[in-house]
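Each chain, letter by letter, is given below.
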Amino acid sequence: DGGITQSPKYLFRKEGQNVTLSCEQNLNHDAMYWYRQDPGQGLRLIYYSQIVNDFQKGDIAEGYSVSREKKESFPLTVTSAQKNPTAFYLCASSVQGWVTGELFFGEGSRLTVL
Amino acid sequence: AQKITQTQPGMFVQEKEAVTLDCTYDTSDQSYGLFWYKQPSSGEMIFLIYQGSYDEQNATEGRYSLNFQKARKSANLVISASQLGDSAMYFCAMRAIGTGNQFYFGTGTSLTVIP
Numbered sequence: 031d032g033g034i035t036q037s038p039k040y041l042f043r044k045e046g047q048n049v050t051l052s053c054e055q056n057l058n059h060d061a062m063y064w065y066r067q068d069p070g071q072g073l074r075l076i077y078y079s080q081i082v083n084d085f086q087k088g089d090i091a092e093g094y095s096v097s098r099e100k101k102e103s104f105p106l107t108v109t110s111a112q113k114n115p116t117a118f119y120l121c122a123s124s125v126q127g128w129v130t131g132e133l134f135f136g137e138g139s140r141l142t143v144l
Numbered sequence: 175a176q177k178i179t180q181t182q183p184g185m186f187v188q189e190k191e192a193v194t195l196d197c198t199y200d201t202s203d204q205s206y207g208l209f210w211y212k213q214p215s216s217g218e219m220i221f222l223i224y225q226g227s228y229d230e231q232n233a234t235e236g237r238y239s240l241n242f243q244k245a246r247k248s249a250n251l252v253i254s255a256s257q258l259g260d261s262a263m264y265f266c267a268m269r270a271i272g273t274g275n276q277f278y279f280g281t282g283t284s285l286t287v288i289p
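Protein sequences appear in the order of chains A and B. For the first sequence, the numbering used here begins at 31 and goes up steadily by one. For the second sequence, the numbering used here begins at 175 and goes up steadily by one.
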């Protein structure tokens, strides 16, 4: 079955540690995204990538980093520079450039800083 | 700039009744798509329905329909015959040709279905 796999589903981190959230898709989509969602809030774009080896900052990129070395993979690193990293993180993908293409989401990763 | 507005933070509906969730949008592009997503308490985002800016008919998918009023820039979601499982957050989103791969989301509406 085609889809997006995020791991881990739950992650606990001590302050000062970097953590990496995995996102893999087998939908052959060019575009991939990372969103952050805080309780009771909407989705805020962290980073997105339209093609391998290229990515753009979203609205809240500070304290996060990404890479796109393979079309299928778009990992997100939450660095110690992110002051309030406790949140729900959603990875998504879509076909490129068509307004008809919806976002496909993973099941999300819930990060808690202890 | 592209913008999506959902003005209803929370809504209640009686089971088996219909409910309308509001969404207005702002874009200068002529070609764009409008999407609705459902997010249950588990957190997954479920795609519900799509409406293209050039579509003359309102989109329908089972119990979901989209009331598209282009001149008013509104794309309201109508859920008919509400079920308890419809209780969730609902997000309206837009994708415009001018901004390619970017999706713009509203702040969401929390729907509670009352037995």
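No wet-lab data here; the hints were simulated from the structure. Treat the hints with care, as some may be off.
What the hints assert, rightly or not - Here are the computed lysine-lysine pairs in the DSSO-like style, where the Cα-Cα straight-line distance is at most 30 Å:
#1 B:LYS190 <-> B:LYS247
#2 B:LYS177 <-> A:LYS87
#3 A:LYS87 <-> B:LYS247
#4 B:LYS177 <-> A:LYS113
#5 A:LYS44 <-> A:LYS87
Against the structure, the hints come out as follows:
no., hint, verdict
1, B:LYS190 <-> B:LYS247, "holds (29 Å)"
2, B:LYS177 <-> A:LYS87, "holds (18 Å)"
3, A:LYS87 <-> B:LYS247, "holds (28 Å)"
4, B:LYS177 <-> A:LYS113, "holds (27 Å)"
5, A:LYS44 <-> A:LYS87, "holds (25 Å)"
Of the hints listed earlier, there is not a single one the structure fails to meet.
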